[in-house]
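Assemble chain G onto chain E, guided by the hints.
Heads up: the protein sequence lines correspond to chains E and G, in order. Position in the first sequence counted from 1, then plus 100, gives you the numbering used here. Position in the second sequence counted from 1, then plus 100, gives you the numbering used here.
Only true hints are included.
Stretch by stretch, here's where chain G covers chain E in the computed footprint (C-beta under 8 Å, at least three residues):
(1) 288-298
(2) 322-334
Computed cross-link-like contacts, DSBU-like style, restricted to lysine-lysine with a CA-CA straight-line distance of at most 30 Å:
(3) 406(G) to 215(G)
(4) 298(E) to 291(G)
(5) 263(E) to 263(G)
(6) 263(G) to 298(E)
(7) 263(G) to 349(E)
(8) 170(G) to 263(G)
(9) 384(G) to 349(G)
(10) 349(G) to 263(E)
(11) 291(G) to 291(E)
Just so you know, these hints were derived from the structure itself, not from any lab. Even glycine gets a Cβ: it sits at the ideal position worked out from N, Cα and C.
2 protein chains.
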Amino acid sequence: MESIKVFAPATVANVACGFDIFGLAVDNPGDEVIVTKRQDDQIVIQQITGDDGKLTFDIQKNTVTVPILKYLSHLDIKHGFDIILNKKMPLGSGLGSSSASSVAGVFAVNQLLNKPLNTEELLPFAMEGERIACGSAHADNVAPALLGGFVIIRSYSPLDFFKINTPADLYVSIVHPDVEVNTKDARHILKNEVSMNKTISQMGNVAGMVAGLISENYDLIGRSMVDYIIEPIRSILIPQFFEVQMAAKENGALGCSISGAGPSIFAFSRGKETAEKVGLAMQKEFTKVNIQSNLFVSSINQSGPKILD
Amino acid sequence: MESIKVFAPATVANVACGFDIFGLAVDNPGDEVIVTKRQDDQIVIQQITGDDGKLTFDIQKNTVTVPILKYLSHLDIKHGFDIILNKKMPLGSGLGSSSASSVAGVFAVNQLLNKPLNTEELLPFAMEGERIACGSAHADNVAPALLGGFVIIRSYSPLDFFKINTPADLYVSIVHPDVEVNTKDARHILKNEVSMNKTISQMGNVAGMVAGLISENYDLIGRSMVDYIIEPIRSILIPQFFEVQMAAKENGALGCSISGAGPSIFAFSRGKETAEKVGLAMQKEFTKVNIQSNLFVSSINQSGPKILD
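Excised from the complex, chain E in its bound form (with noise of 0.2 Å):
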């Protein structure tokens, strides 16, 4: 094989109560990376699509190069690739953009050198594109977009991560508003200290979670998706954030949280059905302000990245 297109998914972290420890994998949006073979062992980006011209072509400053350079001097593989990069998901949106860069390229040059590593393997070198793109080698975006599915980061160090059944009725809507949110921003208003009260009750709600979803229990689902240490921070950035969370209770969601950073917000809704409702509602309130929004509506993804033609 001499050349592979790649997708690998957009991703919702922290999920309400797990910052930093939970994260999922949806089937749309995502990101398209194609790679192929070279005579010499150059790394070249020869095109970016979708990014308004906002991304690097420096292959060690690039989300997708950065995890293949770890990758192919851990191996000590000297070849040289061709990188087309086609972002079909919004930047800076909280979706895990970077991520499924990463993800996408580094799982393409394994495929193309015939899979020196398995999948899981791929995670340090991914996680080294999030250390790129928001200065933190986080594993919350790039574990489910590597993995698919809902995976709990349950250690840094050492590195410590799993994937959870997740009811096949659980959908899973994405508001993305065109608003501003630098990832960067987003975790240096973070406070270091969190009280004893909301420690205990957040860990209420993260067992409950994960719980509720192993045993298929939507109610115990819904009632774990709060957030007390987080969102009542995060949420001051995204302009509506209480109208859209209220809406997407209101028609039926079991809850909603801001998906990563920010500023997408993410509702949870047993059936397809309830989930575009549940979306419809929430892009009404931006709309209220004149924000305009994108609707993703999805199940849970459950193979992570994924060959095309």
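Relative to the frame of chain E, chain G by itself:
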């Protein structure tokens, strides 16, 4: 039925990473309460054994009778009962001694009155015994003593709790050293603030513990038995804690931490034989510094209170 004898089990609260939200019941030890109907409407504690004279006969302050009084008042029932409490477990041990008494008493009365409430509905009354014993109405001992099994308290306000699956071959070794720790002191030395990093690490372990128990993944259970928040502080009150913990792990325990507020220390093991070996190794560390201890080895009690005779 005029009289009933009820056993309620000891419990391990917190279970390493789940401060105030996790608790589990064991088969042994536990408390026995004998309740007999009276002809009048008085509640009378006739006898208390096994407490070295430490417990009060004042029905407004005893952990058996306070829940019964709240229960009768709530249901507007005027009925008298004679109470005999046989303490079959150490007081102030971190094993939910007061909870076992509270649960046994209110469960017995509910039985004698032909079960006007179901078992779960008894929880708020049993929690009142905890308020008397340690100053606040925590549920992490009371709930597993009442329901059996491993219980998660997702939320205290509103009260939301549920039982999760545990692997059949999971055994608990509990070592109770003959040293005194006051539960109120053990709570007062805790800090009111937790660092964000510790909160995230703890949430990861909470998620890992729940997933590990439900999916019967013993390794994951073991890896999740790390407490970044409470154990580093409370362990100071327990002589030999780290030696005991290390001995447990070196002898095959999945993990080891403080039971409730201590001074009892518990370990999880896969299989009864390992749990017994682990327990003896833990005791040996106390013996080295001339501290006597009791050892209890048990599977997870799945049934809660039990009617005897």
